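Chain order of the listed sequences is A and B.
The first sequence begins at 1 in the working numbering and counts up by one.
The second sequence begins at 1 in the working numbering and counts up by one.
Don't read these hints as lab results, they were simulated from the structure.
Just so we're clear, the structure is a prediction, and the values are computed from it rather than from any experiment.
Using N, Cα and C, we set each Cβ at its ideal position, and we do this for glycine too.
Treat the hints with caution; some may be incorrect.
[Claimed, not checked] Taking CB as the label site, the calculated pair distances span:
(1) B:TYR147 to A:PRO818: 53 to 59 Å
(2) B:PRO106 to A:ILE727: 47 to 53 Å
(3) A:LEU843 to B:PRO106: 25 to 31 Å
One-letter residues, chain by chain:
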Amino acid sequence: MTAASAAGQGPIPPATLWRLARAELSTRFKGLRLLMLCLFLGVAALAAVGTLGAAIATALATNARQILGGDVELAVWQRHLTPQEQAALQTYGPTSTGTRLQSMAQASPQSPAVPVQLKAVDANWPLIGHLILTNGQNVGAPAPNTAWLTPSAADRLNVTTGSKITLSGAPVTVAGLIADEPDRLGEGFALGPTVIVPADLPQKAGLESPGAMYRSKTRLACARTCNPAQIAATLKAQFPNAGLDIRTPSDAAEWTGTFVARMADFLTLVGLAALLIAGLGIAGGTASWLDSRRPTLAALKILGATGRDIAQITRLQIAAAATIASLAGILTGAAAVPLIAEALNGVLPLPSTPLALAFASPLALAKAFAFGLATALTFATPALASASRWPAMALLRAQLTPTPAPLKTLAPPMALGLTILTALTFANNAPPKTTALFLGGAASLFATLTLIGLAIRVLAARTKPPKNPIAALALANLHRPGAQTVRLVTALGFGLSAFVLLAVIETSLAANIDERIPAKAPDYFAIDLPPESLAPFTSKIHAIAPTAKIRAIPMLRAAILAWGPAQNQTRTADLAQLPPAAWALKGERGITFSDTLPEGNVLTAGTWWSPNDPTPQVSVDEKLAQTLHLHPGDTLTIGLLGVERTATITSLRRIGWGSFGFNNVLVFNPAALRGAPYNLAASLQLGPHTPQTQTRLLQLFVKDFPLVSVVETGPILRDARTLLQQISLAILAAASVTVLAGLAVLAGAIAAARARRTYETVLLRVLGASNAQLATLILAEFAALSLILAAVALALGTALGWLVLTQVFDFAFLPNWPRVLAVLAAGLALVITFAAAASLPLLRTKPAASLREL
Amino acid sequence: MTTPHSTVAPAISAQNLTLTLGQGPGAVQILKGIDLTIPAGEIVALTGPSGSGKSSLMALLTGLDRATSGTLTIASQPFTGLSEDQLAKARRGRIGIVLQAFHLLPTMTALENVRVPLDLSGQTQNADQRARAELAAVGLSHRLHHYPAQLSGGEQQRVAIARALAPRPSILFADEPTGNLDAATGAEIINLLFARQSETGATMVIITHDEHLAARAQRTIRLADGRILSDTAA
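Pulled out of the complex, with its shape left as it was, chain B reads as follows:
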């Protein structure tokens, strides 16, 4: 296992992270002490079998869930001990998330969906133009005013990518971004993700089952049973 050494603050720094769900005899320890450092700009793949804790780890790293114990710093912002609302605010403009189920706002058009993170993060100046530009960057200039129900799966995921990158986050997370797509579309999406990451320079963490996809990352962290099994550079 090798970890790049840099004097610049790492994008992600986690020490002894644990996550336990439930209480009493029914409690389940999902993560059992994760130590992790990801430098800025690195592309990391998180792999492991089902139930290994990949999605749960990503939930902690994105602030969508709170660790039971341990410390976590994301883009120089301590995430440890923050409330739900504080985590939400911490995500704004700092973290972009692409999920397997797209999670677009169903009653908003593609353009409106991409604009939402700009509004939430206070980047309202020229927000419309920026949103258009993001959608153009993912090849959806002709779908600005379409609702999610009117878009194909691939198109929806493109919108999700545009939305995630619109506020220029320093870190991009993608959880099985091609899980709901056919192979050909999935490949297009992955290529797009990597291209956009290259253009923006964001740190990127991808959860995937796909070994080929993992091979494209600079580093692969393999999880098993809530622990890091291996951490290898490409």
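Only chain A is shown next, with the shape it has when bound in the complex:
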């Protein structure tokens, strides 16, 4: 053996392998386009979702001070800060104080009254950021007897700048319309459009009387660099029982941030699902590609390439194709973000330049890229391993029976690839439990679909062939060796099941909001009704709506200061961290008192007090009791308007939250809250009524009870419905990626079977089959597959939808079947159209030419 041949016995250097791979790779990546398309779709979806989510999260964090309106915010119900509390805050810098409460606005005595969220601000507001009006003016607090209105408030009142309106009876002039409110996101959920007024208006209008439901907010902008968390901790320690709700910039836009994060997590998981489906396409595409390259592989083997060399060369080629596809995916996904953000313009603070938006998160793009590459290499492994084992002589012969690689060859690279994919999945920001549930759910769904595909093959094989030869051939194509049935049922079944699942959930939620909730929920809630006004309130309402059901309860707000056995209470202020699920300990909450067990509540422990019992007692929600380890006989101490009150727990209750009535985790007996000022909160369920009834009632509230704030549930439900529709649209768009990935798999399956189909078509032509018969064969096969897919998707999607609705959300299962079936039909039409368009060109095959080639 020569020295040169001796050198050739060792492994081929990587540079040589790459040179062979590159030279052999078509510049147009012929044969790998399906793989690239599958990857492109999944990676683009992941990149877009990841980038947008990160951009929003960063924007919220960057603007946190502005969103909060300061460095620290102290909020408290039914009172303003005491001079000591105010002074403690002012040692750190300037402060701004204001009030938040419900009010009724009216343009004229004849026009409808509109519930609004009143935001009273002082001369220092806004401490951070700017209030910009629609005319471009940069303003602060409104002048006395004027108000800034949001455009939606102006629309509902049908007023404009210069108009005069009343707010709970107090006359004001609309001085301008708000274009940009700097701390809007930090205000949280509001029961009505916002109206900004001077700080003294609520008191002048009588809206801050003792017992009224208003919330004062005082914000601090540090004079020097400060540590908001430290200031918050100091204030909490200084005023442990004051019932202060203290927020820092990290708490700002809490709900928005959490909502955005959860949506981003969910959409990321949907993108991952698309990539996993793409994996199926990649597996099939790689197998087809390698099969088409048998002459090349044969030549390499003849020239002395080992199976390992061939695997490495083809792996490099796949990696090159995957790199280009993933790069294209992340660039496309990033480019889509500014377009998506356009829809959120004005809703969320986002970077203004498209470039800043598109590349807001290089990490998200890197993760999407890594996912693409890992998916490609993992799912290509079985085909690569199999092809590398093809014997040289078998490659040279006309027929090759594919032999799967043994498990011991396949297991290590597959295990490594799947481990990397799992690790990357957990590296997303979604909670690990959610990710684990998703992975488990996706794996189960894939496994279920694979089993269904296998079952279909077995059933098709065992079904007696129909007499019609075309139908018989169509049936045979479902189970013959090399049939793509399992792959197609899995890939397309996943996407179509997702469509059905989403349609079932969305239409059920909509039905719940449209039908079930309004049937049970009150039409109005009235807040700050003085106790002495209840009788005239009730009689005047019944004069307009005789069938109205009115329920009124005392409404106060207090903070839980301590709980537990009388001699060994735990104080909230002493806790370094609140127990999980102990939301009731955070800030103040609504409490009430009653002689009787509230409607919709069931006693689960202890006994209800008798009327006029002088001993202070309290009944606690059973879930809160479980969280705080409370039992009948223990005590509970609350801080109510700065005064501590202790009561003995005499019962635990199960609350029927679905009753849509007033529900309180703490219900005291009258003795426990004796002497505390309070107003009533009332719910009104009108029963059958006309729009005129509603108009008259709203006018009554404004005219005769100007200090009572009324909340209409109708607009809130409408807003919820709109939000649900928007969310559904976003989720459906994301889920469409899974269907597109499934279509890519379908394209691959059709391509893989092209040689066989051409052969069959030619032979049938030789035997006398017409174009119509051949077209029928092609369509019959895909129609059969589509019917199967329809049944599978409907069954799986519906079952999962029922599970999610009834067991997770505790909603009624009310899908709109026509809509669900329409969504499924649209998906199937797409599948059949695509399949037919890809397959019908076979009809143009010329038998003579093909026979020469065969």
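Position chain B against the provided structure of chain A, taking the given hints into account.
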């Protein structure tokens, strides 16, 4: 039948080679005990009717297939008992193969095709120049950067010959090298093969139906029904 006797190790030495394809009742014995010794530098023609086992024998001798039983040594390398990958490595730099269907790599140019065996056998130094020289030797200097689809059948086979000889193998196998070519082109290819063999001194084994071609070889081994029927010197 005469066999040259030499003290130099033979290029090819096979004892009782058999090849059976398939299993059970469907098994077919293609080769039924082949004993064969070919000295280095000899030109041998393998002839016989269709189905006699010529191509199968060549597959064994080139390491493209593995014998069911028997022993085989090629260029002092035992081929018996080697795995697929070991056979592939054994081919590198040692054996050149020219096939009827050319089997060029379709996505590589003529130059790249000829370079591949040099890369695989580790002969990367001046590989480009060597590949150019091989192509020049077969008269294709003007076709270096053409792809197989852009070459005629004859040109493709010339590239295949250049590729087979580029790593200077000690043995050259040609299986019906003119089977896909017209008579005139085929004759050119054969002349080229013999000329290149003469220049390199490689042992050459040609499978052919063509008695005229067989007559040009130094020795003709005739196969029938999986056995050697005759083995005659020219």
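Q. Which of the numbered hints are not met once you compare them with the structure shown?
A. none
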